[in-house]
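Asks: If you want the building blocks of each chain, they are given just below.
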Amino acid sequence: MDLIQHGFLRGIAYGLLIITVVMTATAWGMWLERKIAAQMQNRMGPMFVGFHGLLQPVADMLKLLQKEDILPAGADDWLFNLAPILTALFAIATAAVVPWSAQIVASDLDVGLLWVLALGGIMVVPVWMAGWASNNKFALIGGMRAVAQSVSYGVPLVLTSMVAVVFTGTMSLSGIVQFQMAHGWLIYWPPGPGIIAFLLFYMALLAESNRIPFDIPEAESELVAGISTEYTGMKFGMFYVAEYVHTMVGSAIAALIFLGGWDGPFHWLPGLHWMVAKTVILFVSVYWVRWTLLRFRSDQLMRLCWLYLVPMSLALLVFAAVWVTYFAA
Amino acid sequence: MATAANSPTESRYRLDQVDADADLMVLNFGPQHPSTHGVFRIKLILDGEIVIRAIPYAGYLHRGVEKLLEKLTYAQGVPIVDKNDYVSPMSNEQALVMAFEKLLKVEVPRRARYLRLIFSELQRIASHLLWLGTFALDMGGALGGGSTVFMYCFRDREGILDLFEAVTGGRFHYNTHTIGGNRHDIPLGWDKRVLAYLDMLEPRIAECESMTTNNSIFVARTQGIGLIDKDLAQGLGLSGPLLRASGVDHDLRRDAPYHAYDEVPVRVMVEQAGDCQARALVRVREMRESIRLVREALAGLPEGGINSGKIIKMPQQFKAQSGQVYAAIETPRGELGTFVIAGGGDKGTAPYRLKIRAPSLHALSALPWILPGHTISDVVVVLGSLDPIMGEVDR
Chain V
-3 MDLIQHGFLR GIAYGLLIIT VVMTATAWGM WLERKIAAQM QNRMGPMFVG
47 FHGLLQPVAD MLKLLQKEDI LPAGADDWLF NLAPILTALF AIATAAVVPW
97 SAQIVASDLD VGLLWVLALG GIMVVPVWMA GWASNNKFAL IGGMRAVAQS
147 VSYGVPLVLT SMVAVVFTGT MSLSGIVQFQ MAHGWLIYWP PGPGIIAFLL
197 FYMALLAESN RIPFDIPEAE SELVAGISTE YTGMKFGMFY VAEYVHTMVG
247 SAIAALIFLG GWDGPFHWLP GLHWMVAKTV ILFVSVYWVR WTLLRFRSDQ
297 LMRLCWLYLV PMSLALLVFA AVWVTYFAA
Chain U
605 MATAANSPTE SRYRLDQVDA DADLMVLNFG PQHPSTHGVF RIKLILDGEI
655 VIRAIPYAGY LHRGVEKLLE KLTYAQGVPI VDKNDYVSPM SNEQALVMAF
705 EKLLKVEVPR RARYLRLIFS ELQRIASHLL WLGTFALDMG GALGGGSTVF
755 MYCFRDREGI LDLFEAVTGG RFHYNTHTIG GNRHDIPLGW DKRVLAYLDM
805 LEPRIAECES MTTNNSIFVA RTQGIGLIDK DLAQGLGLSG PLLRASGVDH
855 DLRRDAPYHA YDEVPVRVMV EQAGDCQARA LVRVREMRES IRLVREALAG
905 LPEGGINSGK IIKMPQQFKA QSGQVYAAIE TPRGELGTFV IAGGGDKGTA
955 PYRLKIRAPS LHALSALPWI LPGHTISDVV VVLGSLDPIM GEVDR
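Sequence order for the protein chains is V and U.
Per the numbering used here, the very first residue in the first sequence carries number -3; after that it's consecutive.
Per the numbering used here, the very first residue in the second sequence carries number 605; after that it's consecutive.
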């Protein structure tokens, strides 16, 4: 009894900590992205709120909170209101199992990777809820595209993660890292398939978190704002935050399962530094791609996924199985 | 159903794949939409994401410019038309004053004709830069690579606005052309500024090209999209880059030279494909050609007066003989024509009827023919490739 209560309280404390840390990191992740984008475009970016616009995320949040909450005529109010909450919930819940170093982990699940992939996959439900409940044709088309894209790109995402699972023999995220600390990072050992699996995972990640060149569901030049067309104020903010959390956790997962997580070239620096550095580099690279490339058309996106990414990830998985069975022993 | 289209309801592309029993959806694309380049509405009949029928509606920006010009004297009309094609005001002024000059039989001095050529070509670069930026924006989104190209293009377009400001004092409403010449001569050292700007611009166009026309995503999005063949282009009265992208070798600057184009000959850029990619390539090459033209014209810029003087001094007293004229120039968007019927006698101070032939209106008339069979994503690409300016369409 005592133990359960202890575990329950610990869960709440960790939960609050995760939400605080993730939301804070996300807010300044947005600031970072805006600054990087501005530098790429010969602009200054946010400059006026705080030193070099450092308080801009706070100002944005306050602005969103003050906005009028509009329920569009003919909208399904339950689904409409539930969708942003679920989206943000699922996005933040994925952060719970991310180990930031050997010690810093809220919940070191045995099936941590599965948990992340499952929550990423279920994100499609609230997105479709939003698209359907908005009673708006642009939102509906955006929702349909989002479902098609998430379901398709979920396949290579899972398959490439399974490559890591097959090599390491565990679904625990810290287990995967410990294996890499012993045998070398998966991106370069065994030679070849690791780097390809990483690149495929990265592309699928871009698609899963709706980033250019795969941001078809939003496609604001075509669909106004896609699923979030009818959302105002903090409900829109939740979609927005969820998108960034998704990208950040995705970057962390990629760093964990392919880049050795908190493993670094020298060990006198605590592992947390390496992990954060790798995550931030991947996070920034997502935005580098985003602010450079144009957007695919939805049918081209599907073709890319099913004709190239899925067969290649399947082949990698087979290779991994063969390698582990015959060579790794 | 893969034969040539006879009517807008009949599509040439992929319409045979459309399910006959499908539930169709009507989507009003615009007038408030980020990618309609102003206030323009297309009623799309959709089967899923495939466009079955597209019905364009223009007229949201009608300001009665033609009627207004009939109420003003000839000299007063010039600043009004600046706002027609608000991406290339210089061309609007030139099309109007050329018609009036023809009607009033006024000679334009040689230096003024050279200056008009330089202004018109710089304006073409500015207009095409704006087009390239917004076209990338249509394709890459406001929060993505598209906006990066957009920012680069607008930064470079600023340079041209600065040059025009140095001459006319205005960045947008120049009012620099008068009947019989130009109002402002170029300031001292302006030609050096222009040359320095052009030297800077050339590598930057290459930079923008690497992000657009040389980018494989751009090619995938534009190749084979929005096909306009030779017959359709000529039948709809398309002009400018749209016509040249469909394989018709036609350019008023070469075929009916005005300004000083007979002395500074133009190389006409023609593409055969007739799709969005061809239209993009034609425009990018035209920018390079315009750079060459400005350099040549600046090198050969003659000395002398810049206007014949009569009309600037007494605009109210100047009266036209009754008659009608049509003058056309090649703007960045195509043939911009002005048709004037002049009343004689007491009514000779203003046009009796004035009609502006806007190339963008003709471009939009192609939409019902070329949109069916494409997806919603292609609608914005096709619309962007036509480069319509609503101010000019609706007037």
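It cannot be assumed that every hint is accurate.
Calculated cross-link-like contacts (lysine-lysine; reagent style DSBU-like; alpha-carbon spacing at most 35 Å) [unchecked claim]:
#	chain 1	residue 1	chain 2	residue 2
1	U	Lys951	U	Lys671
2	U	Lys951	V	Lys133
3	U	Lys647	V	Lys63
4	U	Lys687	U	Lys923
5	U	Lys671	U	Lys687
6	V	Lys133	V	Lys63
Just a few of them, taken from the derived set where beta-carbon distance is under 10 Å, the chain V residues facing chain U [said to hold, decoys possible]:
#	residue
7	Lys63
8	Asp65
9	Arg141
10	Trp287
11	Leu290
Covered, in the sense of this in silico footprint (three residues per stretch, anywhere, with C-beta under 8 Å from a C-beta of chain U), are these stretches of chain V [to be verified]:
#	region
12	33 to 39
13	218 to 232
14	294 to 308
These are calculated hints, taken from the structure and not from any lab test.
The structure displayed is predicted, hence computed values, not measured ones.
C-beta: ideal position from N, C-alpha, C; glycine also.
Asks: Quick one, are Lys687/U and Lys923/U close enough, alpha carbons at most 35 Å?
Replies: With Cα atoms ~26 Å apart, Lys687/U and Lys923/U stay inside 35 Å; holds.
Asks: Interface hint check: Leu290/V, Cβ to nearest Cβ on chain U, cutoff 10 Å. Holds or violated?
Replies: holds (4 Å)
Asks: Within the region 294 to 308 of chain V, is the number of residues with a Cβ closer than 8 Å to a Cβ of chain U three or more?
Replies: Three-residue rule met by the region 294 to 308 of chain V, so holds; n is 3.
Asks: Is Lys951/U close enough to Lys133/V, meaning Cα to Cα at most 35 Å?
Replies: The hint is violated at about 54 Å.
Asks: Does the region 33 to 39 of chain V contain three or more residues whose Cβ lies closer than 8 Å to a Cβ of chain U?
Replies: holds (count 5)
Asks: Run the distance test for Lys647/U versus Lys63/V: straight-line Cα separation, threshold 35 Å.
Replies: Roughly 32 Å between the alpha carbons, so the hint for Lys647/U and Lys63/V holds.
Asks: Within a Cα-Cα threshold of 35 Å, do Lys951/U and Lys671/U meet the stated pairing?
Replies: Holds - the C-alpha atoms of Lys671/U and Lys951/U are around 15 Å apart, at most 35 Å.
Asks: How does the region 218 to 232 of chain V fare against chain U when you require at least three residues with a CB closer than 8 Å, holds or violated?
Replies: holds (count 3)
Asks: Go through the hint on Arg141/V and say holds or violated, using the shortest Cβ distance to chain U against 10 Å.
Replies: Holds: closest Cβ of chain U sits about 8 Å from Arg141/V, inside 10 Å.
Asks: Checking one constraint from the list: CA of Lys133/V to CA of Lys63/V, max 35 Å. Satisfied?
Replies: Holds, at roughly 24 Å.
Asks: Would the hint on Lys63/V be counted as holding, given a Cβ-Cβ threshold of 10 Å to chain U?
Replies: Given a least distance of 19 Å, the restraint on Lys63/V is violated.
Asks: May I ask you to test the interface hint for Trp287/V with respect to chain U, counting a Cβ-Cβ separation under 10 Å as satisfied?
Replies: holds (5 Å)
Of the hints listed earlier, those the structure fails to meet are numbers 2, 7 and 8, in rising order.
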